[in-house]
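J.: Chains as they are written, first to last, in our numbering: chain A, 1 to 297; chain B, 1 to 297; chain C, 1 to 297; chain D, 1 to 297.
None of these hints come from the bench; they were simulated from the model.
Incorrect hints may have been included.
[Claimed, not checked] Using 30 angstroms as the maximum straight-line C-alpha spacing, the simulated DSSO-like pairs for lysine-lysine come out as follows:
{"id": "1", "chain 1": "A", "residue 1": "Lys-273", "chain 2": "B", "residue 2": "Lys-152"}
{"id": "2", "chain 1": "C", "residue 1": "Lys-263", "chain 2": "C", "residue 2": "Lys-212"}
{"id": "3", "chain 1": "A", "residue 1": "Lys-8", "chain 2": "A", "residue 2": "Lys-152"}
{"id": "4", "chain 1": "C", "residue 1": "Lys-8", "chain 2": "A", "residue 2": "Lys-212"}
{"id": "5", "chain 1": "A", "residue 1": "Lys-235", "chain 2": "B", "residue 2": "Lys-45"}
[To be verified] A few chain D residues that don't get close to chain C, going by computed Cβ distances all over 10 angstroms:
{"id": "6", "residue": "Glu-57"}
{"id": "7", "residue": "Lys-212"}
{"id": "8", "residue": "Ile-265"}
Heads up, the beta-carbon is just placed ideally off N, CA and C, and yes, glycines get one too.
Here are the chains, one letter per residue:
4 protein chains.
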Amino acid sequence: MGIKKTPKSLLFIGGDTRQIRAANRIAECGNRVYIFGFNMTDSEKFSEGIGRLENLEEIDGFDAVVLPLPYTTDGENINTAEGCEKIEISEIFRKLPKPLVVLAGKCDRKIAKEAEKSGIQLVDYLEREDLQLLNAIPTAEGAIQIAMQETKHTIHSSKCLIVGNGRIGKILARMLAGIGAEVTIAARKNRDHVHAFANGFKSTSICGLYEKIGEFDIIFNTVPSLILDSDLLIKTRRNALVIDLASKPGGVDFESARKLGIKVIWALSLPGKVAPDTAGDIIGKTILTILDELEVK
Amino acid sequence: MGIKKTPKSLLFIGGDTRQIRAANRIAECGNRVYIFGFNMTDSEKFSEGIGRLENLEEIDGFDAVVLPLPYTTDGENINTAEGCEKIEISEIFRKLPKPLVVLAGKCDRKIAKEAEKSGIQLVDYLEREDLQLLNAIPTAEGAIQIAMQETKHTIHSSKCLIVGNGRIGKILARMLAGIGAEVTIAARKNRDHVHAFANGFKSTSICGLYEKIGEFDIIFNTVPSLILDSDLLIKTRRNALVIDLASKPGGVDFESARKLGIKVIWALSLPGKVAPDTAGDIIGKTILTILDELEVK
Amino acid sequence: MGIKKTPKSLLFIGGDTRQIRAANRIAECGNRVYIFGFNMTDSEKFSEGIGRLENLEEIDGFDAVVLPLPYTTDGENINTAEGCEKIEISEIFRKLPKPLVVLAGKCDRKIAKEAEKSGIQLVDYLEREDLQLLNAIPTAEGAIQIAMQETKHTIHSSKCLIVGNGRIGKILARMLAGIGAEVTIAARKNRDHVHAFANGFKSTSICGLYEKIGEFDIIFNTVPSLILDSDLLIKTRRNALVIDLASKPGGVDFESARKLGIKVIWALSLPGKVAPDTAGDIIGKTILTILDELEVK
Amino acid sequence: MGIKKTPKSLLFIGGDTRQIRAANRIAECGNRVYIFGFNMTDSEKFSEGIGRLENLEEIDGFDAVVLPLPYTTDGENINTAEGCEKIEISEIFRKLPKPLVVLAGKCDRKIAKEAEKSGIQLVDYLEREDLQLLNAIPTAEGAIQIAMQETKHTIHSSKCLIVGNGRIGKILARMLAGIGAEVTIAARKNRDHVHAFANGFKSTSICGLYEKIGEFDIIFNTVPSLILDSDLLIKTRRNALVIDLASKPGGVDFESARKLGIKVIWALSLPGKVAPDTAGDIIGKTILTILDELEVK
Numbered sequence: 001m002g003i004k005k006t007p008k009s010l011l012f013i014g015g016d017t018r019q020i021r022a023a024n025r026i027a028e029c030g031n032r033v034y035i036f037g038f039n040m041t042d043s044e045k046f047s048e049g050i051g052r053l054e055n056l057e058e059i060d061g062f063d064a065v066v067l068p069l070p071y072t073t074d075g076e077n078i079n080t081a082e083g084c085e086k087i088e089i090s091e092i093f094r095k096l097p098k099p100l101v102v103l104a105g106k107c108d109r110k111i112a113k114e115a116e117k118s119g120i121q122l123v124d125y126l127e128r129e130d131l132q133l134l135n136a137i138p139t140a141e142g143a144i145q146i147a148m149q150e151t152k153h154t155i156h157s158s159k160c161l162i163v164g165n166g167r168i169g170k171i172l173a174r175m176l177a178g179i180g181a182e183v184t185i186a187a188r189k190n191r192d193h194v195h196a197f198a199n200g201f202k203s204t205s206i207c208g209l210y211e212k213i214g215e216f217d218i219i220f221n222t223v224p225s226l227i228l229d230s231d232l233l234i235k236t237r238r239n240a241l242v243i244d245l246a247s248k249p250g251g252v253d254f255e256s257a258r259k260l261g262i263k264v265i266w267a268l269s270l271p272g273k274v275a276p277d278t279a280g281d282i283i284g285k286t287i288l289t290i291l292d293e294l295e296v297k
Numbered sequence: 001m002g003i004k005k006t007p008k009s010l011l012f013i014g015g016d017t018r019q020i021r022a023a024n025r026i027a028e029c030g031n032r033v034y035i036f037g038f039n040m041t042d043s044e045k046f047s048e049g050i051g052r053l054e055n056l057e058e059i060d061g062f063d064a065v066v067l068p069l070p071y072t073t074d075g076e077n078i079n080t081a082e083g084c085e086k087i088e089i090s091e092i093f094r095k096l097p098k099p100l101v102v103l104a105g106k107c108d109r110k111i112a113k114e115a116e117k118s119g120i121q122l123v124d125y126l127e128r129e130d131l132q133l134l135n136a137i138p139t140a141e142g143a144i145q146i147a148m149q150e151t152k153h154t155i156h157s158s159k160c161l162i163v164g165n166g167r168i169g170k171i172l173a174r175m176l177a178g179i180g181a182e183v184t185i186a187a188r189k190n191r192d193h194v195h196a197f198a199n200g201f202k203s204t205s206i207c208g209l210y211e212k213i214g215e216f217d218i219i220f221n222t223v224p225s226l227i228l229d230s231d232l233l234i235k236t237r238r239n240a241l242v243i244d245l246a247s248k249p250g251g252v253d254f255e256s257a258r259k260l261g262i263k264v265i266w267a268l269s270l271p272g273k274v275a276p277d278t279a280g281d282i283i284g285k286t287i288l289t290i291l292d293e294l295e296v297k
Numbered sequence: 001m002g003i004k005k006t007p008k009s010l011l012f013i014g015g016d017t018r019q020i021r022a023a024n025r026i027a028e029c030g031n032r033v034y035i036f037g038f039n040m041t042d043s044e045k046f047s048e049g050i051g052r053l054e055n056l057e058e059i060d061g062f063d064a065v066v067l068p069l070p071y072t073t074d075g076e077n078i079n080t081a082e083g084c085e086k087i088e089i090s091e092i093f094r095k096l097p098k099p100l101v102v103l104a105g106k107c108d109r110k111i112a113k114e115a116e117k118s119g120i121q122l123v124d125y126l127e128r129e130d131l132q133l134l135n136a137i138p139t140a141e142g143a144i145q146i147a148m149q150e151t152k153h154t155i156h157s158s159k160c161l162i163v164g165n166g167r168i169g170k171i172l173a174r175m176l177a178g179i180g181a182e183v184t185i186a187a188r189k190n191r192d193h194v195h196a197f198a199n200g201f202k203s204t205s206i207c208g209l210y211e212k213i214g215e216f217d218i219i220f221n222t223v224p225s226l227i228l229d230s231d232l233l234i235k236t237r238r239n240a241l242v243i244d245l246a247s248k249p250g251g252v253d254f255e256s257a258r259k260l261g262i263k264v265i266w267a268l269s270l271p272g273k274v275a276p277d278t279a280g281d282i283i284g285k286t287i288l289t290i291l292d293e294l295e296v297k
Numbered sequence: 001m002g003i004k005k006t007p008k009s010l011l012f013i014g015g016d017t018r019q020i021r022a023a024n025r026i027a028e029c030g031n032r033v034y035i036f037g038f039n040m041t042d043s044e045k046f047s048e049g050i051g052r053l054e055n056l057e058e059i060d061g062f063d064a065v066v067l068p069l070p071y072t073t074d075g076e077n078i079n080t081a082e083g084c085e086k087i088e089i090s091e092i093f094r095k096l097p098k099p100l101v102v103l104a105g106k107c108d109r110k111i112a113k114e115a116e117k118s119g120i121q122l123v124d125y126l127e128r129e130d131l132q133l134l135n136a137i138p139t140a141e142g143a144i145q146i147a148m149q150e151t152k153h154t155i156h157s158s159k160c161l162i163v164g165n166g167r168i169g170k171i172l173a174r175m176l177a178g179i180g181a182e183v184t185i186a187a188r189k190n191r192d193h194v195h196a197f198a199n200g201f202k203s204t205s206i207c208g209l210y211e212k213i214g215e216f217d218i219i220f221n222t223v224p225s226l227i228l229d230s231d232l233l234i235k236t237r238r239n240a241l242v243i244d245l246a247s248k249p250g251g252v253d254f255e256s257a258r259k260l261g262i263k264v265i266w267a268l269s270l271p272g273k274v275a276p277d278t279a280g281d282i283i284g285k286t287i288l289t290i291l292d293e294l295e296v297k
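Just chain A, same shape as in the assembly (with noise of 0.2 angstroms):
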């Protein structure tokens, strides 16, 4: 995890706690942050050296400005913590000096087009491999711990089914494997069935599921399409856990669960909420990378 040596100038703007640990660590790394938009309570909890703007023209111009994963939720605003003004995304560009590096978490259309019209360098910090990577540890620690929770019985020893064999199912079936689960992968691809192979997890093809799914205990589906449809659900145990963590429509018929008395949850986004220590550390480093390379071209 290298970190080049050149200080930084970086401003964040706005976002919950992964903001201000992101903020803290790069600030750590001897760069100089700069904060605005964070009320009172969370103000406080960023390190000394960070200093807090009053208004935006404050300062000549940033290296880069950070701002929230995501960086909206009502499409005009700025994700911010309670207690702040509304700051809209397009004032930001606006007022800003350029040339400008802005990192934002989830860009939709909406902000690419304005970053163009403004002449502003956007780059989507969440659509990095190496931040959906790291997201992967938080979020299958984050699975692990919903099935404990949610469980009667120990994962140790228990019979569990991941659907999908990418970035999530890999650290998923190694961290299940490593409490003492019986791991099995249902994947489409030979590659996946050979990689299974070689660390020692059973698979079985999508197809196959249909004989074996009333075998497992927790089945966690990671796979954004509908897999686990009724036909399958039907063949699952009534007692089994179905923990999706795929997401937009999710990969479970969670009607037909319901239907069948089959818990399902659904979670989303766990690295902010199972780990969000980790997560702003995830942010902090992606930044850094994201940086460094800006830098070397």
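Let chain A serve as the given structure and place chains B, C and D on it in line with the hints.
T.: Showing chains B, C and D alone in chain A's frame:
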């Protein structure tokens, strides 16, 4: 986990969900099981083949009577669910036909004397090495669950100290490492240091802790004597989490920790709390093993 | 490792013990298998149901012809066992009825041209991702075997460096850690450092090696370009063992190492050498997968 | 592995490369070390600060004299390298000034009597629990090295049986699983089955072996009594590999195995053979611990 074939007849008197699970498991293995001293709600959770006694004289004799864990809380009556009539221990010992084997959890002098007086063979299944070894699994998992719930960072890559290298310490070390923690074991005996070395864990003497304790994010104590005293706690990080798994007096100076602002969680009887089904399975297995051993003699 | 049900007919021409094993496995799965170009001793090792051809015209057609790995050593003839008549590649391509699928290992331009000219579909099974992933297992084990044979200390608690985090590097890291080694991975890409971190390994950049290489007892190279040059070797312990697993030019300045008195072992084609049965099984599995895929199309 | 600070003075008489290594390690820790009874070639391998005695009377006294492992092979003379004059044990005991502590490997009645007669405190370091625990590491690795060398398949995904769940069995199980083998432990005691279960290994009773032994590719015996008798060997795969790690009578009916064509390797004293440096380090560490303990008393 070999289970022999001669069917036994057992009577379960009182207890919580663990006894229900144990009884069901023992019945599944082909034994005749009867229950007494459960309320309506609990009664329904027993498997179909299990007989519900109305009064204790109803049946001639049993291979064994199983009392709960702990067998009593008030020292007079058996630990039964709410809504049940009280059942005095002395009454049971009087009424049930002899010779009789009674399996009970957490036996004290009182029950031991009563048993001797009545010519009853009393076995404390909580004292069994196999039960204690098996219970170390849900205990370790429960400790990890608490650590996950009470910290804002991941277990992965956190620095964990385990004080003591007994049954629980050993399994906890393996599970923590399985999730990606950096594990250090603090122990007195040379053989524990060698064991740690062989298994890839760092280790330190108890004396050595004075210099090292400040490094750790999470500290698990498994030793039932005051090791984490005020001298050590002063050197502990204020934001560290201490989880005390040691029974009776515990191993932490709770008052000093409170003053220093270090969070300590004293986690007792974890198997029944975090994994009652597994805890019940373990009681069931242990009872079957005890019965096999009694038969062999 | 799903194997489909339509029986195939295959002809194995030439090869060593791996092809015998592959042929036997494929026959066991219910396919018709014929052989040609094996000597008497080898012929006896094939399973009973396998047909021995006297001449290539004997049978009408095959779903596929399987050539050895590598298919040739002299560029003209197929790689057959001692005591067999030479079989020219061009002759086979001429004689066998078309359309024909030929599966061969380590194809070069020559065979590719010949195949194109003759209207033969040529598949190089050595190029298959699944074969390469599976071969990483015996390669990693072979590297460990060599390390065990060539050192006077245990792998356990020795400091191992793996240069490269590809297929072989990843499995090797896991196996070495599984025996108790301290593993560090040297890699260029940020994603490899994150992968190492997630999996509990230390990592270093290639540049960082200049400072750290002196720490290691055993150094495994998996990258096929000159990384362990004289500058790095000078900083390497004289009593370190270097195992180069990289093909073609290798990744070590062998001459410098020799002068410095550092032992280097260039270990190529390990699967066939240390685990020919497993290597044969892998070829067998891969061929079955290729046939399934061809059928589906 | 704490090493205390009071420097000791030790005399090493005779031995192989392990004693050289042990002496060097002990010298490195700040102790004064002298040698006697090594030939020219070996003498050069000792560190610079180590003193070479010409005759035993040369120096006044030592905290301890260290004899080799085993201390003798002929029962009369100390086990010295070729080219050294013979040194009778009785002579040493006579000549060296008392009080004297002698640390020797594999003590028998003879040396014990001699020691008692001469008022010498004799300690057999081979009997030490810490040495035996530590030696289990190179023993397990050596067993794996042999398995790798003697089979044509990988350890990964092979079915391995370990008879016995003692020091060696436990470490061997963990290492084999670490490479990807499927491990089953055969043991008598219930606690061993529970230990296996807790650590994620399958287990079987010794009786159960009659049904299961035919499944295994590699069988490791660690129990020094005849368990793998002709009845069990008849049910073993003819192409299985049996590695017997048990001392003295061994645990395999070698004659039956020979007749059945099952390959058995009786692998004794592995640490000194496969990892002499590690074996020497272990002797060195153990001697330091013994000296510390003697001092404390």
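J.: Now look at each hint and say whether the structure bears it out.
T.: Do the hints match the structure? See the list:
1. In summary, the hint linking A/Lys-273 to B/Lys-152 is supported, as the alpha carbons are separated by about 9 angstroms, within the 30 angstroms threshold.
2. Simply put, C/Lys-263 and C/Lys-212 have alpha-carbon atoms about 19 angstroms apart, close enough for the 30 angstroms limit, and the pair holds.
3. The hinted pair formed by A/Lys-8 and A/Lys-152 fails the criterion: a straight-line CA distance of about 50 angstroms is larger than 30 angstroms.
4. Our distance criterion of 30 angstroms between C-alpha atoms is met by C/Lys-8 and A/Lys-212, whose separation comes to about 28 angstroms.
5. With a CA separation close to 23 angstroms, the supplied pair A/Lys-235 and B/Lys-45 stays within the 30 angstroms bound.
6. No beta-carbon of chain C is positioned within 10 angstroms of the beta-carbon of D/Glu-57; the least distance is around 35 angstroms.
7. Chain C leaves D/Lys-212 outside its interface by the beta-carbon criterion, the shortest separation being 22 angstroms against a cut-off of 10 angstroms.
8. Every CB of chain C is more than 10 angstroms from the CB of D/Ile-265 (nearest about 15 angstroms), matching its label as outside the interface.
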